[in-house]
Structure formats: C-alpha cells, structure tokens
Amino acid sequence: MVFVRGASTSVPRLVGVPYRGEIYMVRQEWLLRRQRAKKLIIYTLLLALAAFMVGPLLLAFLSSFRAQALSWPPELFPPKFWPRNWVGAWNLGLQGGGNGWMGGWAPGHRLTFKVTFRYPQSQVAANPPLPQVVVLPPPMMMGGAKDPRPITQAEIEPIKERLTGQGLEVAYRVTLIHSGSERIPQLRLGIIGAPGSRFVEATLSPSMVSHRFSGTVLTWQNITPGILGYLFESYVQAWTTYKGQEGRFLFPRWVFNSLIVAIFKVVLTVLFSLMAGYALARLRFPGRNFLFLFAIFTMMVPGQVTFISNYILLRDGIFGISKLFGASTLINTYYALFLPGLVSAGSVFLMKQFMESIPRELEEAARIDGASSFQIFTRIIIPLSLPAMGALSILAFHGSWNEFFWPLVVLKTQEMWTLPIGLLAFRQFYGSVAGTNWNLVLAGAVISAIPVLVIFILFQRYFIEGVKLSGIKQ
Amino acid sequence: MVRTVLGKGVRTLHPLALLKPQVLEEAGVAFILLLPLLWTLAVAFAYAFGRAVYFSFTDYDLFKTPEWVGLRNYTQLFKDYRFILAFIHTLTYAGIVTTFQTALALLLAVVVNRKIRGMTFFRASYYVPSISSSIVITLIFMWLVHRKGMVNFALTAIHQYHRHILLFLALVVILQAIQVLWERRHRLPAHPLDPVLLLISLLGATLGVVVASWTGLLGVAQVSPVEISWLTTERKFLGIPLPFLSIMALNIWTTVPTFMVIFLAGLQDVPRELYEVAELDGATYWQKLWYVTIPAIKPVMFLVVTLGLIGTLQVFDQIAITAGVAPLNSVITLAYYVYWNFFGSGTLPKVGLASAAALFLALLTLVVVLLQRRFGISEKGWYS
Chain A
1 MVFVRGASTS VPRLVGVPYR GEIYMVRQEW LLRRQRAKKL IIYTLLLALA
51 AFMVGPLLLA FLSSFRAQAL SWPPELFPPK FWPRNWVGAW NLGLQGGGNG
101 WMGGWAPGHR LTFKVTFRYP QSQVAANPPL PQVVVLPPPM MMGGAKDPRP
151 ITQAEIEPIK ERLTGQGLEV AYRVTLIHSG SERIPQLRLG IIGAPGSRFV
201 EATLSPSMVS HRFSGTVLTW QNITPGILGY LFESYVQAWT TYKGQEGRFL
251 FPRWVFNSLI VAIFKVVLTV LFSLMAGYAL ARLRFPGRNF LFLFAIFTMM
301 VPGQVTFISN YILLRDGIFG ISKLFGASTL INTYYALFLP GLVSAGSVFL
351 MKQFMESIPR ELEEAARIDG ASSFQIFTRI IIPLSLPAMG ALSILAFHGS
401 WNEFFWPLVV LKTQEMWTLP IGLLAFRQFY GSVAGTNWNL VLAGAVISAI
451 PVLVIFILFQ RYFIEGVKLS GIKQ
Chain B
1 MVRTVLGKGV RTLHPLALLK PQVLEEAGVA FILLLPLLWT LAVAFAYAFG
51 RAVYFSFTDY DLFKTPEWVG LRNYTQLFKD YRFILAFIHT LTYAGIVTTF
101 QTALALLLAV VVNRKIRGMT FFRASYYVPS ISSSIVITLI FMWLVHRKGM
151 VNFALTAIHQ YHRHILLFLA LVVILQAIQV LWERRHRLPA HPLDPVLLLI
201 SLLGATLGVV VASWTGLLGV AQVSPVEISW LTTERKFLGI PLPFLSIMAL
251 NIWTTVPTFM VIFLAGLQDV PRELYEVAEL DGATYWQKLW YVTIPAIKPV
301 MFLVVTLGLI GTLQVFDQIA ITAGVAPLNS VITLAYYVYW NFFGSGTLPK
351 VGLASAAALF LALLTLVVVL LQRRFGISEK GWYS
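Here the protein sequences come in this chain order: A and B.
Using this note's numbering, the first residue of the first sequence is number 1, and each one after it goes up by one.
Using this note's numbering, the first residue of the second sequence is number 1, and each one after it goes up by one.
Check each hint, because a few of them may be wrong.
Claimed, not checked - What the simulated footprint calls covered on chain B by chain A, stretch by stretch (three residues with Cβ under 8 angstroms from a Cβ of chain A suffice, anywhere in the stretch; the number is not a length):
1. 148-156
2. 255-262
3. 311-325
4. 354-363
Hints listed in this document are in silico derivations from the structure and should not be mistaken for laboratory results.
No residue lacks a Cβ here, since even glycine has one placed at the ideal position from N, Cα and C.
Start from the sequences, fold in the hints, and give me the full structure.
In structure tokens form, the structure reads like this:
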C-alpha cells in the first residue's frame, strides 16, 4: 500500500478495477484521473469531428471575405477583418460619397488617400518614377446595362521619403476628383508602381497586388466602399453585379422567387397533407389500403421516369386546360413548380402517422353530438394537428428552398430562376476554371445557406423528427 | 415493413357498404379530401409512368408525332458506349457510397450516443452538411477541390511536413509504449490507449517535434505543390475516374448525418438490459458493439441500406452541377444520362431513348433493393 505524501492521516481509498480477467487494486484518484482524461479526449474528438462537418461551410464563409478566394496560402484573417482598413473604408466612403457605411462616388466629391511603395537599393539612385493612377472601367457583368464609366481626375504626389535597411520607402498622396455628373456605386482603381518596387501599405488595403514585368500593380475593387461596403464587398457585388436583360439585378430576384415559391409550397403541402392524412388515417372508404400502399410505392420510382411526361404535360398546358386561362404553355411559370406534384406522398405519410396518435374518443364524442366528418376535420383534427403542421411547414420550406432538379427542368429564363438554379449560372460565370471571382460564388452560396441554417437552429427538433418519421422518404 | 406502415385500426370496407348513407357521407368526404393526392398519383405518377413506357417504344422528339419503333430504343441503349459507362458508374457509385455512408453513419451514431454535456450542440453541428442544399454544398466542394483550392493546399502542407508528422506519430507510439510498460510493471491496469498516458505522450511528442524543428534537425521538405485539378482531370484511381471519386466523397460526407439520425433513433431503442448482461459477462466496448448493438439494430440497418441504395442509384444533383466542369464521360450516371439525352445533348430531345433509360434505372433500383433484401442485410433483427 502506498501512502499519499503529506496526507499521512488519511488512508487512500482503493478500488478494484477488472482488466483482462484480473482484478487490480488502484487508488481512487488513479481512476478519477483516467475518467477526466478520457472526457478531455472525447471532447477533443467531438470538436475535431465538428470541425470536419461544419469546417467547409465555415471556410467558405471566411473566404467570402477574401479578395481572391483561391490564392495560396489561404488567409483565414483577410485584410477585410483588419480594423485599420475599417477606418480607411469609413473615411474614404465619407469623402467619396458622403456615406461612411455604404460609400459611393458622387459628383463634385474629392478624395485623398495614402499609398506607400518601397524601392530596392539599386533603384534609389535612379530616382524612382511616380506611380501611375488608372481609373478602371466598371466590373464585368453578364448581359444588360453597365454602370457608367467613372469620369474621374487623378493626381499623385510624393509626400514623405524614408530610407530603411531594405530600401527607400516613399509615401504618396493620391487625389481623386469626380468631374462627371453621375453617382457611381463603386469606383475601381489601379495604381502601377515601378517594376521591382514593393507595396508597403495604404489607407485601404488593395484587393490585389500583382508583381508584373511592367510594374507592381495594385487594384482596388472599390476605393470608396464605406465600412459595410468594404466588409461585405463580395456580398454587395454578388447581390448587384449580375444584371438581366431588363437591366435589373438578378440575384435579389432569385432570392425573392425562391421565397415566394417556398411560401406557396408550404401552404399547399400543409393543406393537402392535412386533407389526405385525415382521410387515410380516419375515414373509411373502399380501396384505402391500396391507395396508401400505392402512394408509398411511388416514392421508390426515380423522378427520371416521370419527369419527361410531366414536362410534356406542362408544355401542353395540362391537356390544353391552361389555354382557357390564356396561357398556351405552363413551362417557365411558377405553376409548373406546383401543379404536377401537388402534394408528396412523404408529407401525407408524416401527417397520417401523426393523426393516428390523436385519441379517437374526441371524434366519437363529436360524432355523438351530430358532427359530420368534415366538421370533425375542421374543428377537432386540424387544431390538434398544429405540431405536425409546424414540423411539416419547416420540412416543406427546407425542401422547396433547396430543390434543384424540377426547377432546373421547367424554369427557362434567368428572371424566373430560383436561387439554386441562379447559383449554378453564377458558378459558370464567376467561377469558371480560370475564373478569379470565386469569392462572389461563395458569397452567393452563403446567402443561400443562411435561411436554412437559421431555420435549422431554431427548429432543430423538427428536422430530426422529420428524418425519423419519414424514414421511408428519400 | 408494410404492417408498420399501414398502422393500426385498418379495416377494409366492402364496396356494397357504401349503400348506407353514413358510410357514403364518409366516403364522399374522403374522396374530396383526397383529390390533391389522387391528382398527383394519377396524373403526375401513373399517367406519367404509362407514358414513359409508351415513349420508350417510339421515336418521339417532343415535336413530331411519335412513331412505334418496337424495341429499337432498348437495343440502341446497349450499343451506346455512354449508357454502358453510366450503368457501370451508377453501380460503382451505389456500392461504394452506400457501404461507406452506412458504416460511417453507424460509427458516428455510436460516437454521439452518449449522455454528456453539450452533446446536443455536437449532434446539431454534425447535421449541417445534410441540411444544406446540394447546390451550396457542391459549389463549396468545387471551390475546395479546385486546382488552387484548399484541399491541394492541405495536401501540399502534409507533403511538406510529412517528416514532422511521421516523427510525431513515432514519438507518440514510443512514449505510450514506455509508459504503459512502466505502469504494468507497477501492477497498474494500464490499457494500451490509457487516456492519461496518451495525453502525456501527445504532449511529449509535440515537444519533441518542436525541439527537433527548432534545433534544425528536422527541416520542411522541399516539394512541388500538389496541383491536381480534381474535377477536370482524366486521371483514374483503381479504374474509377478521379472526378467521380471526388463526387462520391462529397456525397458520403453529406448523407452520413441523415443516416446518423436514423441510426441514433435505433440505438436509443436498444434495451439497456442487453448491455448490462454483456457487462456481467465481462464484454469489452468493442465486443458489446459487435455482439449486442449491431444485431439489435439490424432492422434499422436494413432501412438505411435500402434508402442509401435508392438514393445513390438515382444520384443527379451533384453530377449535374459538376458536369459543366468535369468531363462528361468521367461522371455520367444513369439519372444524368436520362436528363442529358432529354435536354443536354445539343440535338433534338431523344425522348424515346431517355424514357427507355429511365425505365431501366427504375428496374435496376427495384432489382438491387430486392437483391439486397434477399442476400444482404435483412429486415429481421435477432431479437424481434
């Protein structure tokens, strides 16, 4: 027996630990320490797993704040998160557009900022030339109108020189004057330093620094951003640079479309599942079992089998019925998203399962009082089914917001697309293999993911219950 | 499964009973309430299915009048190189993805099936890949596996620091072995993975690596950066195109959480007594997992495998989203083959051929599910 040093009065308690068919006597602390260490290891593993499962989304979110989402090494703390740049963005936004939050480039405004280059020892003697200031055209957009080209005068003058061990650092003051008559949301600027020079610092970090044969090129996507305009640059760009034929922004349109479609889908799903669920759970009629089994069976058949006929059905306006309402075809309308599959077998199944758990006595009492089947449905079943309606609404919203295949088949013009289809085009335009605007694609993806994440955090239980209940649905 | 699905209190009704007014009223209300569902089942499903069968025997192209061509579409399918490719891909995909997602989902469910503080948070965070839409996840994935993306960056880093990693692992093993032997000699029941000793070993190994790199004994390896373009390469691994393997990895990652939830529900239904009896018999953790848990959740496993097979055989979204970048022949599956013949081939839609392929896919799903029911993991649990 071993005594604990300094605690000679108390005898350490021993506990028996079975291991490989033998019982070992160990001190209780020995065991306790093991349990604590095990807990620590388990939590570490759980955290690592969480990082693996959530990590990609988190990385995408962080990288949407990078000016170049594909540059190596990936910076997890990009210049957009530096408070120094927030101050610069606020000041420049205020000078350029009179708005420290969202910035802008307004007529008659004048702005100055500082940028510092360093010239290597070899160039110092040669008296480095002034960097060149270039006002860049508005960003490339898909189709439609362009922002007006900014009419801007630019001046640059050296204000301070400092000799350091690595060379001569020269700070320049750049002055920009808006001499046009139109307000421009974003002013893109480039400054080209002499070949061999290095960028040191600026009032606002440039979006990109590239060392080329012709010189060191600094570019700003927006030199007058304002704090929000700077921090959420990718988001503002994603939201505003993709224009349609009519010159209106497409991204907000897609968000709106997705929202409207999802709301309608929720209403229809809940209403029709309530109706069908009640009939299948409670009412007696011939062919009930067959109908239910048939509904279950349809869930096994791939959507590829039925989508061709359903596409043709909609193209022909559902046996020509839509012509009565003045539409020769239903393709490229929102009716096409609802009409063929008014209600899914999965949601009917969920509702039926729930209604079967409502005690029958309530209905029987009502029936004795002379209530009809329809009255029982509206007065008793629907009020009691509120929890299931809630769960189903969440699941239907989630399903509609994320749906990809059917909108891809029936929605043909950019203005009609829902967000998932829009994002697909977004990728093709901004994220092509050589594309450099992946930050916009990521920003778009994050915008699309946010509503679902918020709903998930608020109504987590419903998602889990939904998976368990409709274990049959896929 | 059928009996549980139908629920209790189901009585069949003879059609003649409708002559009674109260029964007739009930059936009438039922009919009205069921109209939306009936419309869906009749028009969007039964009629559509029938038309698919009909189209598969015609040369319809969306514009001309369909003409009967007999079995020509079906024979043409099997002469089409792309179709054979899509068929092989689909089977490979279903086999590999279902296996991995089932195993990993079970593992994950076992890991999160313990009552410790904060577990709700962890479970919720693991579920995130499953709730995000296929487009969001696939876009982020495409960015990650881009030639200049994070995956290649991480691989490059691992390659650069592979000596550090190897040294670290070796030190952990050596330190752990020394400590365990020391404890054993002092008659303490130290498990090879004893948590306290493991923490000490990890700490020691970290210190060792830090010292080795500070003193210059261990340098960063000079390697050329990994620049695999995962989605556009024509390279293969084990005969499977790399882009396709990448998509498989993506799909496993997104579906594991869904099945984890189903497994978790099953695990929580396993009677505690079974574990208690096993513990009395001196079963270890892994023995309990293998001899108690897995047999007890066999019905759940059947459900998961079936759902997994149905889902993977019909994979479409990820393929359609990446198909703009990846070579078509590397990633095409049956579901995408159907869509591609209808919309994507640049010629008039081959409705007949697409329908035939779609029906083939439906048949394949049925056969695979039935085969797995017969020869794979069956519905019957050991204790039911």
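Hint-by-hint comparison with the structure:
no. : hint    : result
1   : 148-156 : holds (count 4)
2   : 255-262 : holds (count 4)
3   : 311-325 : holds (count 9)
4   : 354-363 : holds (count 7)
Going through the hint list in order, the structure satisfies each hint without exception.
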